[in-house]
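Chain by chain, the residues run as shown.
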Amino acid sequence: MRIAFTSKGQDWDAQMDPRFGRTDYIFLYDDESEETITENNTEIQNAAHGAGPQTARKLFDLSPDVLVTGNGPGGNAAEVLKKAELKIFTGAQNMSVKEAYAAFKEGSLTAI
Amino acid sequence: MKEVVVISGKGGTGKTSVTASFAVLGGESLVIGDCDVDADDMHLLLEPDYSNREDFYSGYMAVIDEDKCISCGKCREVCRFKAVAAKDGLYRINEIDCEGCGYCSEICPADAIRMQEAFVGEVFSSKIKSGARMIHARLKAGADNSGKLVARVKKDARTAAERDGRQIILIDGSPGIGCPVISSLTGADYVILVTEPTPSGIHDLKRVYQLVQKFSIRAGLIINKHDINSDAAGELRSFAGDEGIKILAELPYEPDFTKAMTEGLTVVEYKNEGLKKLLASAWAAAKNELNTEENI
Numbered sequence: 001m002r003i004a005f006t007s008k009g010q011d012w013d014a015q016m017d018p019r020f021g022r023t024d025y026i027f028l029y030d031d032e033s034e035e036t037i038t039e040n041n042t043e044i045q046n047a048a049h050g051a052g053p054q055t056a057r058k059l060f061d062l063s064p065d066v067l068v069t070g071n072g073p074g075g076n077a078a079e080v081l082k083k084a085e086l087k088i089f090t091g092a093q094n095m096s097v098k099e100a101y102a103a104f105k106e107g108s109l110t111a112i
Numbered sequence: 113m114k115e116v117v118v119i120s121g122k123g124g125t126g127k128t129s130v131t132a133s134f135a136v137l138g139g140e141s142l143v144i145g146d147c148d149v150d151a152d153d154m155h156l157l158l159e160p161d162y163s164n165r166e167d168f169y170s171g172y173m174a175v176i177d178e179d180k181c182i183s184c185g186k187c188r189e190v191c192r193f194k195a196v197a198a199k200d201g202l203y204r205i206n207e208i209d210c211e212g213c214g215y216c217s218e219i220c221p222a223d224a225i226r227m228q229e230a231f232v233g234e235v236f237s238s239k240i241k242s243g244a245r246m247i248h249a250r251l252k253a254g255a256d257n258s259g260k261l262v263a264r265v266k267k268d269a270r271t272a273a274e275r276d277g278r279q280i281i282l283i284d285g286s287p288g289i290g291c292p293v294i295s296s297l298t299g300a301d302y303v304i305l306v307t308e309p310t311p312s313g314i315h316d317l318k319r320v321y322q323l324v325q326k327f328s329i330r331a332g333l334i335i336n337k338h339d340i341n342s343d344a345a346g347e348l349r350s351f352a353g354d355e356g357i358k359i360l361a362e363l364p365y366e367p368d369f370t371k372a373m374t375e376g377l378t379v380v381e382y383k384n385e386g387l388k389k390l391l392a393s394a395w396a397a398a399k400n401e402l403n404t405e406e407n408i
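First to last, the sequence lines map onto chains H and U.
Just so you know, the first sequence maps onto residues 1 to 112 in this note's numbering.
Just so you know, the second sequence maps onto residues 113 to 408 in this note's numbering.
Think of the hints as simulated: they come from the structure by calculation, not from any bench.
A hint or two may mislead.
What the hints assert, rightly or not - Chain H stretches covered by chain U per the calculated footprint, using a threshold of three residues with CB under 8 Å from any CB of chain U:
1. 19-31
2. 46-58
3. 67-73
The C-beta atom is built at its ideal place from N, Cα and C for all residues, glycine as well.
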């Protein structure tokens with residue numbers, strides 16, 4: 001299973017970014033190969049509008065099965081993500097990526 | 113560090129008057145962010161010193177290179193914003209009308225049109241009269257607020273709060289439910305909704321609350337001018353009850369609200385002890401809610 005996190009940094013100890021569209025990084029963990037990938041998304045700061053759908057596009061290139069984030073995507077991004085049959089879990093703000101992964105494993109996050 | 117965002121859905125409900133009052137009540141413990149950049153009014157009440165300023169660029173604008181232009185007029189034909197002016201065979205982009213779509217640049221046979229980042233205004237970091245820091249912005253005429261600008265104001269506010277060890281970031285959010293509001297809300301710990309008992313006040317509150325719910329952020333409500341329509345005020349109370357929104361204050365209709373503003377004062381600095389008391393207790397209630405950890 002490939003799990004994507006919205007994060008403020010590039011490793012397991014980085015803080016989660018509560019935002020979806022304007023997240024600084026996407027941190028991806030493949031729990032079968034135990035491989036991690038970090039996608040730099042900081043360029044999104046230059047997008048005046050439409051940050052959500054643009055980040056969704058970037059996310060699809062990583063083909064995740066699950067997205068773990070804070071507040072959750074806005075209307076337009078949610079619409080796009082729904083089509084990809086991605087499972088989305090929210091409520092992972094104010095934690096590190098490591099803690100968010102543990103919370104996801106425990107089932108203490110909110111599925112939307 | 114916690115972030116509180118004040119929004120209203122509808123304009124004219126007293127959102128900024130309430131936010132500016134909270135800014136004064138919170139004193140130096142706060143960093144303030146004015147994300148209502150289309151109608152940035154907090155500076156009128158809080159006396160910022162404009163000590164730091166930076167240019168802000170957002171979106172794109174077409175620019176015609178006169179040396180390369182062959183005056184074919186194709187750009188003018190395709191521009192759906194009528195932003196290309198022609199005079200004596202010379203073509204020029206009207207800055208106000210150009211939306212930055214890039215169509216003209218794409219089709220120009222002489223490759224004479226380039227898209228450059230548009231200068232839309234300035235971002236300020238100021239000290240205000242309470243001693244706190246405020247991040248605010250001013251757009252030039254015809255420029256739009258954007259998620260980008262809101263994210264920038266919030267980022268600068270967070271950096272200032274971290275640097276100066278401030279506990280609360282208080283954000284005056286933008287109106288409506290679009291991109292700037294989404295950018296105002298994401299990352300917030302608590303939302304204060306300010307509304308009035310009118311049909312549009314109720315309608316716009318419900319609409320913006322859907323967005324707050326989508327982001328799973330807890331909210332409190334301030335009903336301003338609660339006594340101008342008791343039926344509508346009742347509807348607001350039962351909406352809040354059904355949704356689990358705590359009512360932080362009900363403020364009466366009071367001309368002193370406007371009088372304070374015309375004197376450049378926040379309501380809590382004006383000689384109306386009743387209003388001051390209500391707003392102080394609303395701020396205390398909001399802070400209390402902010403410090404309760406449970407999330408919905």
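Self-check item: Hints violated by the structure (numbers, ascending)
Solution: Hint check: nothing fails, all pass.
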